[in-house]
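2 protein chains.
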Amino acid sequence: MATLTNNIPEKTIERLSEYRRSLLSCHKQGITHIFSHVLAGMHGITAVQVRRDLMLIGFSSDTKKGYDVKVLIEFINNILDSEDVMNIAIIGMGHLGQAITNYFNGKRRKLRIVTAFDVDPEKVGSIIDDIPCYHMDQFEEIVAQMDVSIAVISSPTRVAPSLVLPIINAGIKGVLNFTSAPLNFPSGIVAENYDITTILEKVAYFVKESDEKM
Amino acid sequence: MATLTNNIPEKTIERLSEYRRSLLSCHKQGITHIFSHVLAGMHGITAVQVRRDLMLIGFSSDTKKGYDVKVLIEFINNILDSEDVMNIAIIGMGHLGQAITNYFNGKRRKLRIVTAFDVDPEKVGSIIDDIPCYHMDQFEEIVAQMDVSIAVISSPTRVAPSLVLPIINAGIKGVLNFTSAPLNFPSGIVAENYDITTILEKVAYFVKESDEKM
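From first to last, the protein sequence lines are chains C and B. Okay, so the first sequence: first residue is 26 according to this note's numbering, each after it adds one. Okay, so the second sequence: first residue is 26 according to this note's numbering, each after it adds one.
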């Protein structure tokens with residue numbers, strides 16, 4: 026498995042996560058089989074892309090009814106999920122931190138937001154959306170105690186650079202940084218900078234380009 | 026210009042937006058010149074990548090002091106920004122909507138969040154972070170009145186599919202969808218689905234993979 030999955034491109038991983046969400050919703054509605062072009066249509070991509078992605082993970086379906094929804098969900102689970110639950114901490118429990126917990130929690134069995142950190146005295150020591158919120162001073166201690174492996178940075182941008190050292194020291198393995206400050210981590214830490222401003226500017230650019238073409 | 030910029034890949038557009046943000050911060054600190062490897066280091070990428078991106082937009086620098094920060098900012102402005110201000114509407118003024126306005130507003134001269142929509146009676150009719158919030162029933166009317174061209178969807182996921190038609194009818198040109206429901210729009214509309222759950226699952230996957238390699 027390890028050799029196989031090591032070669033899956035990032036974009037395919039993203040799409041597998043998206044397929045799974047749609048498949049789960051199909052399964053809930055009692056749909057047992059789905060054709061590649063139907064799954065493709067739900068995501069605005071081509072059937073060829075869907076088939077290529079599934080071929081890449083070694084999934085094939087020779088049934089005339091399309092893919093077996095339940096079997097495909099299980100197959101994607103085996104690729105994406107770790108055997109044990111992975112715990113996530115949110116750093117910065119402002120609007121963005123709370124939005125993330127609202128959108129995410131309860132959605133995935135194997136991935137769970139278990140704790141949050143802030144410096145605001147109104148938040149520290151309280152429980153927000155079932156998530157206990159601690160002071161950033163306790164970061165290392167709580168991360169160890171709760172076996173957290175992923176940190177989501179939703180703090181104000183100016184605070185973000187000061188979080189790099191605590192994150193490294195706490196032994197965090199994956200970081201998702203939503204602020205506008207690009208952060209660099211040592212190579213052992215998987216880090217994804219995911220700036221909302223960048224994405225808005227990208228959409229605006231392509232709107233401008235399509236305007237100019239007309 | 027149009028022929029040149031039409032060929033710029035999406036990832037380069039994202040990086041140009043990120044470079045500009047770092048360059049603006051350098052400029053503020055009084056830094057007048059920057060080497061490609063310094064700019065690269067700020068973003069955790071190689072100097073070759075930076076030089077390739079800038080070559081792609083036709084920017085070259087033969088000075089021994091590196092790139093002229095102010096000139097490069099202006100150059101990127103010309104690529105990314107439209108001549109007129111582009112107006113943005115937020116649909117869903119919950120935690121995520123408010124997080125986006127907080128992170129974004131005031132950051133870009135040519136891109137501005139001007140209005141928000143919700144159905145919550147506590148929000149409709151009020152002004153949140155300087156943004157007037159209207160009922161979703163008034164979407165078409167307000168979009169026309171305020172000349173909005175981009176819609177950001179930060180509503181609950183279950184509401185998202187019902188927003189497609191109003192967005193098309195209102196003549197919106199670009200959509201940034203943060204919910205977990207993938208939305209399809211006609212080809213004239215630039216649409217970006219940007220699901221937080223997907224990104225978290227991707228980071229978790231690569232954490233798992235790097236664990237297995239050890």
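Just so you know, these hints were derived from the structure itself, not from any lab. In this text the structure is predicted, and so the values were computed from the model without any measurement. C-beta: ideal position from N, C-alpha, C; glycine also. Check each hint, because a few of them may be wrong.
Once the Cα atoms are required to be at most 27 Å apart in a straight line, the calculated BS3-like pairs of lysine-lysine come out as [unchecked claim]:
#1 LYS53/B <-> LYS148/B
#2 LYS90/C <-> LYS53/C
#3 LYS95/B <-> LYS36/C
#4 LYS148/C <-> LYS148/B
#5 LYS95/B <-> LYS132/B
#6 LYS132/B <-> LYS148/B
Covered by chain C, per the in silico footprint, the following chain B stretches (three or more residues, Cβ under 8 Å) [unchecked claim]:
#7 51 to 58
#8 110 to 124
#9 142 to 155
Computed footprint of chain B on chain C; a stretch qualifies when at least three of its residues, placed anywhere within it, have a C-beta under 8 Å from a C-beta of chain B [unchecked claim]:
#10 65 to 72
#11 149 to 163
#12 186 to 200
- Unmet hints by their number, sorted upward, for this structure: Violated: hints 1, 3, 7, 9, 11.
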